[in-house]
Amino acid sequence: MQQPAADAPVLELKKLNKSFSGVQVLKDINLTLKRKGSVLGLVGENGAGKSTMMNILGGVLQRDSGEILLDGAPFNPRSAVDADQAGIALIHQELNLFLNMTIAENLYLNGAPGTRLGLLSYRTMNAEARKVLQRIGIDVAPGTMMDELSMGIRQMVEIAKALSQKARIVVFDEPTTSLSTKEKKDLFSIIRELSRSGISMIYISHTLDDVLSLCEEVAVIRDGAIMGQSPISEMNKGKMISMMVGRKLDQLFPFAEKKPAEVRLSVEDLCQGKTLRHVSFSLRSGEIAGLFGLMGAGRSELARAIYGVDPIERGKILFKNRPVEHPTPSWWIENGMAYITENRREEGLLMPKSVKENLVLASLQRMARTFGAVDTKAEEKYSDQAIERLDIKTYDKARQLARMLSGGNQQKVVIGKWLLTKPEVFIVDEPTRGVDVGAKLEIYTHLNALAREGSAILFISSEMEELIGVCDRIMVMCSGEITGELQREEFSQEKLLTLAIRSATHEHAAAD
Amino acid sequence: MKESTTIEPGVRPLTPGSSLQAKSAPRPASLRRQIASRAFSSVERMSMLFFIVYFLFCVLFVNKFANPVNLLNMLVQCADLIILACGMTFVFMNGGIDFSLTATLALGSIFGARVMTLGGDPLLMTVIGVALMLGIGLGIGVLNGLTVTRLRMPSFIATMATQLIFAGLALWYTQSATIGGLPRPFLLIGRGTLFGVQLPVFIMLAVVALSAFVLHRTVLGRYIFSVGTNHRTSLISGIPVKKTIFSLFLFSGGLAAVSGIIMTSRSGAGMPALGKGMLMDIVGAVVIGGTSVTGGKGSILGTAVGAALIIVLNNSLNLLGIEWFIINALKGVMIVAVALLGVLLSTNDR
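Residue numbers (my numbering), protein chains in the order written: chain A, 1 to 512; chain B, 1 to 350.
Bound conformation, chain B alone (with noise of 0.2 Å):
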């Protein structure tokens, strides 16, 4: 390599006034202007903004919701709704949805349940069961990712057929029975608490760090917001672009497997429609959380945020006695107000 065609480090005189590092430096005089801006500068902020005024505004109203009790509650209910949506935020980054979610939760849970009640220690059997769950997840993954990027079908129809196929397998396998009997060390999992909060907590909290990482600190996340912009551009960059995509459904049926885990441990018994109605949560919490269908924007971030607004939403309007119907038709009234305020920010920083 030729030292002078190359770039070398160190190049660039790092003078202290110059106009990029000047950037860096607080102005004080529009320090608030400048935060007021940024607030209201993406639809995640505006979400975690009116998750904060709303989640006030039911501790102050909401007769019972501040009860630690009922908080503590919706906390795992959190935990649930956030590793499932975190997973489905990768898919949507490249523009693409996972309908399989449900399914690979139902198919994991009764498996496993299946697998973990034959007998025998019931460590190793909740090791194997774990595991178990966890291949279902990645293969259901696989299983998609290639059909996605090999076949070149659309992920909406991909995953739809697979959730199909592997509902129908976790129903007609179980004949809509439950598996019960499952070994203690497993429940554990789902019902266990460290310092008095439920163990699915922490591992909810280790999911978002995690994919946060990833996502927004790694070179994969890179090349995954590059390939959710432009396939072409990604492709003549020299980013593997294929093994992006198929990434994308990796974490998508691992995170899936891991909900699963938990929620089965919880519900103390394979349950061959685990799951079932929640993927317009799913759904809504990452659009909420302001990642773009169309791909390449997004944060993690903003899917537990979006997440445990819904969950918040749920909960108080429950506590205030209105029909789940109604509940239902707020919370679609909400995801049309973020998609419109999504269509208004884009079109102002034109």
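For reference, chain A alone in the conformation it holds in the complex (with noise of 0.2 Å):
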């Protein structure tokens, strides 16, 4: 490696703009990484720029003016091989990772190690990865396949991968949303020690309280503009905010006072395996529920399960006091329940499909006419109330497809399309996940509005602070078992978290 100007930033850029087709979406962005080993957070709302910035970086996409300088000369790259070969490397929301393959033929994609005649030569493959995989802590044969890793390790392989292929600059995009506690922890140690050992990071993260921890510097971009880079000292969360959103952080968690009412939805002694056991809970109309647990825990589980999507092996459930004998989605439709799952991509919506499409999903039903018609002016109407109700951004419903639209709107489009089934019951799943802090406000304040207007909510999440912001009580569970429940006035992260992890240092304790 060539030796860098001695006072050259590792990387800066310069007035850099880009447009898509007439939109600006990326005007003057100045930014720089200061020295080898630096940790520079980058946040902003969905749609603010942050992904087309770093795919002009990584040589996906070209810019249409400005500068990029690595360590002090131009850099040009006008293809991701260039990027790489630069040592740039980009860490994506969604890993770009085969999991039919085993961990060294991931790390070896292009150009495996001792490679004859085109040849593989699994030994070398091996025992190069098992170098890269020790320096960054992960005792796991190189020769595992992907599907057997969780999404923690996935991670880290992704990490051992920029390593393997030399990478001076590593871009992590949103790399917490799919990990545990325990593993962002690990995430966070090696980041830790990468920047140590002189490689340069831009952290880009919703979680503010990441951001805080990690990176030495953070970038606030706003519109396609870079609203300020200062030193964490001077930055603290509200700061942040309001740079993004231009709203105060007491502003972020709105909580409604509500009346409680009947019961709705209960659930006694549900039993599933190892992922549930003997759960029971009830929901009151008008109540917004909380329900918190670490990856694993078995919440997700849970909704499934009463849902109808998964099997039951015992206990009951009671909708309006009425035993529900086999739950399927159809009949929970039906009769009233509307399930967010926490996965929109694969399981809310048609990702190419119109927005009208996506939102008339789940009510075609009630659509029909004579001969199975569907009542295209009913249609109409209905996906232009859901669109008005939420305040949907969409510049055609019937030619916007969802996988055009920020992951806040997709969400608006999930809740829409249950809106329009008229639910009396909501079970949402990590409805904020993958969300701007802007469109995660516009959710609380609907399932606020919802709950005022005397629906049930279940809101499953990973996000304490979310839960304490919007609930007005939250159930715990622990490998599948419910552990505990905290009123609003007992509200605190520990008693959250102490509940979250007793059954399972019991289990282990009954273990030993």
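Note that these hints are calculated values from the structure, not bench results.
None of these values were measured; they are calculated from a predicted model.
Note that beta-carbon positions come from the ideal geometry of N, C-alpha and C, so glycine has one too.
Just to be clear, a hint being listed does not mean it is correct.
Stated by the list, open to error - Listed below are the simulated DSS-like cross-link pairs for lysine-lysine, each with C-alpha atoms no more than 30 Å apart in a straight line:
| id | chain 1 | residue 1 | chain 2 | residue 2 |
| --- | --- | --- | --- | --- |
| 1 | B | LYS243 | A | LYS422 |
| 2 | B | LYS276 | A | LYS353 |
| 3 | A | LYS377 | B | LYS242 |
| 4 | A | LYS258 | A | LYS166 |
| 5 | B | LYS243 | A | LYS381 |
| 6 | A | LYS377 | B | LYS331 |
| 7 | A | LYS353 | B | LYS64 |
| 8 | A | LYS495 | A | LYS239 |
| 9 | B | LYS242 | A | LYS274 |
| 10 | A | LYS36 | A | LYS166 |
| 11 | A | LYS316 | B | LYS276 |
| 12 | A | LYS131 | A | LYS36 |
| 13 | B | LYS64 | A | LYS422 |
| 14 | B | LYS242 | A | LYS316 |
| 15 | A | LYS320 | A | LYS422 |
Claimed, not checked - What follows is a set of in silico ranges between Cβ atoms, one per label pair, in the way DEER data are often shown:
| id | chain 1 | residue 1 | chain 2 | residue 2 | range |
| --- | --- | --- | --- | --- | --- |
| 16 | B | ASN67 | A | GLU346 | 48 to 58 Å |
| 17 | B | LEU123 | A | GLU346 | 49 to 59 Å |
| 18 | B | HIS216 | A | THR115 | 49 to 59 Å |
To be verified - Just so you have them, the derived chain A footprint on chain B, three or more residues with Cβ under 8 Å:
| id | segment |
| --- | --- |
| 19 | 219-233 |
| 20 | 237-250 |
Can you join these two chains into the complex? Each is in its own frame, and there are hints to help.
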């Protein structure tokens, strides 16, 4: 590696501009990664231009004007390969790994060590892979298939891949969205380790606390322009948020007084193998009940079992005091329950279909006229109502595809789809995941309004802050059991976490 | 049901200036460009454009092409292919394929013919024969549908199996012989004319109208598009995924039977190898019509255009004295071109 000029920053973006079909998405972007090993946080709402910026840096997109300086020398990546060779690695939100291959095969997709005449040498490859894995402290055999690994480890493998390609600058795009708390801690210690060994990083995230604890400097981007870059010592969460959206922190989690009334949904002694153990709870109209738990605690599994997507071994489900014998999605839709899954891309939306088609999807049955023809007028009217009520930003609901919307708007389309089925009970699973601060606020506000109007809402989340901010009470799950419940007066992150890890430690004790 | 959470009709104020309404009003300045850009925005439209251009070219430059007898003849050939391809389009909508179409033709043809030649009142025997042939088509559809939805077998394998089994059965049962002597009323289905145009053409028009109605206008059609796009989202949105997939095979089996009735009637005999070699043209018609092989995208009109294009291509190249194997190669080139176009268009609208 050539010796960089002593005072030149590792990476500098100068007056970068980019527009897509006439719309300017980046305006005179200036960004500096000052020295080797520094970690720069980049925060901003979805659609603010972070991804475009990183794609330009990674050679995926070409800039319209401006300069990129790498160690003070101009750098013009024409393709992803150029960026790779310059030592820039992008770690995307959706990992670019092949799940049907081993770790080592993924690490050396573009050229394996020890290859002779096109024949792979698994021995050399695995040995090299082991070295890289050890460097970031993962103790997994390089021959392990990717699909056997947890999301956290997969993320580590992606980092290992960057290292194996001798990356000098690593860009993380929302790396923690699908990690458990433990995995997140491991990731952060690796990031600190990499920083010590001289690798510079850009860390993009919506989780401001992480940015505050990890980064030396933070830059805020809004509407394609950098609002400011300053050392972390001069930054705090409130300042970042107001720079991002122009709103204050206390407005981020709006709590609404409600009047909980009769029980709408109750679950008694629900069991499903090891994932759900004797779960009982009830949900009242007019309340938002939180359901907290760490990854794998069984929160989503509980929702899926109630909704009839996964089978139930034992237990009773009562809806408005009537037993539900065989719950199925269509039964629930007919009787008034909505289920917003944690995975809007795979289970919430038809990504290549229009906003309108997505909105009416769950209420098609009610739109049938003679010969099963779709009542297109009703379709127009209902989809317009959902767009209006939720303020979904779309330029043409019949032609704009769901995948072209921002994360927040996509989630609003999912919510809109369910509103049109006129539900009285909502199960919402991680409704704000991968959604920017502004859209989060909107989603909380809509949930509050629904509860005030008398809906019963079960709010599943792994973000303690939002549950504490929005819910009337919070139930906590751990290893398939409900380990406790906190009322609003008792809310604290410590109590939630204690409940969330309690029975796990009990079990360990029992196993020992 | 509470009033408050529900979204009641008429809540939305119908302000004439709202952006949503403005879209529907034509804007004369860019109208021509809009039409042009729409014409090139999908495989279906490109195929249609190409069909029109090619058809005009043939009318002008291919000797005997525009001869009324030739045109009518092509129309009848179109009827067979379009009806079969409509059935295939349904199965394609879920990213599947139905190889058993031609076996359905053959099996229906020989058993229908066998029953109709038992003797008795010709009209009654015709009704029984037609009912039996429809029953065989739907029956094979049920079998395919059950194998795919219950046994979770890919349609590629399931229908290949039924194709081999029933095509084999048809040949074994007849020992490759045809079954002639069909009742007169039955022969009318394929040979009768109305206003100088043969009846199958009208049947084809009815099939196209009905299929297009089901696929593009009904709730079932919406289910089909949704299931073809994403099973999991559909399931969670309360759509009966398995029933929808099952129905696709009923459509393909039923329409194969309709086509079998027409073709058997026209040839005047039950044929154990009816429709042999048509499979590639059927698949070609659907693909050229812009229906996605991965599901969730397609149209009946596109399929009809695709089928018509194949027939016109066959006919015109034949008239030009080009050998059949070169015609096949040209059709292959065209399918690749269309597939390529589909890829280009779908990466464009990212």
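Results for each hint:
Simply put, B:LYS243 and A:LYS422 have alpha-carbon atoms about 25 Å apart, close enough for the 30 Å limit, and the pair holds. Of the pairs offered as hints, the one joining B:LYS276 and A:LYS353 is violated, with about 37 Å between alpha carbons and a cut-off of 30 Å exceeded. At most 30 Å may separate the alpha-carbon atoms for a hinted pair to count; A:LYS377 and B:LYS242 meet this at roughly 28 Å. Distance hint between A:LYS258 and A:LYS166 is unfulfilled; the C-alpha atoms sit about 56 Å from each other, more than 30 Å.
The straight-line distance between the Cα atoms of B:LYS243 and A:LYS381 is roughly 28 Å, inside the 30 Å bound, and the hint therefore holds. Taking the CA atoms of A:LYS377 and B:LYS331, the gap is about 42 Å. The hint is violated against a cut of 30 Å. Using a Cα cut-off of 30 Å, the hinted pair A:LYS353 and B:LYS64 is violated, with the two alpha carbons roughly 45 Å apart. Pair hint A:LYS495 plus A:LYS239 holds up; C-alpha atoms about 28 Å apart against a cutoff of 30 Å.
For the proposed pair B:LYS242 and A:LYS274, the alpha carbon gap of about 29 Å is at most 30 Å, so the pair holds. Proposed proximity of A:LYS36 and A:LYS166 is supported: the alpha carbons are some 14 Å apart, at most 30 Å. About 56 Å separates the Cα atoms of A:LYS316 and B:LYS276, which puts this hinted pair outside 30 Å; it is violated. Straight-line distance between C-alpha atoms of A:LYS131 and A:LYS36 comes to about 23 Å, which keeps the hinted pair within the 30 Å bound.
For a cut-off of 30 Å, the pair hint linking B:LYS64 to A:LYS422 is broken: about 63 Å separates their Cα positions. A threshold of 30 Å between alpha carbons decides the hint, and for B:LYS242 with A:LYS316 the separation of about 26 Å falls inside it, so the pair holds. Restraint check: the Cα-Cα separation between A:LYS320 and A:LYS422 comes to about 16 Å, which is no more than 30 Å; the hinted pair holds. For B:ASN67 and A:GLU346, the hinted distance range of 48 to 58 Å is satisfied, since their beta carbons lie about 56 Å from each other.
For B:LEU123 and A:GLU346, the hinted distance range of 49 to 59 Å is satisfied, since their beta carbons lie about 56 Å from each other. Between B:HIS216 and A:THR115 the CB atoms are about 53 Å apart, so this pair conforms to the stated range of 49 to 59 Å. Only residues whose C-beta sits within less than 8 Å of a C-beta in chain A count toward coverage, and the segment 219-233 of chain B has 11 of them, enough to reach three; the restraint holds. Interface restraint, the segment 237-250 of chain B with chain A: holds (4 residues with C-beta to C-beta distance below 8 Å; minimum three).
When the structure is compared with the earlier hints, violations turn up for hints 2, 4, 6, 7, 11 and 13 and for no others.
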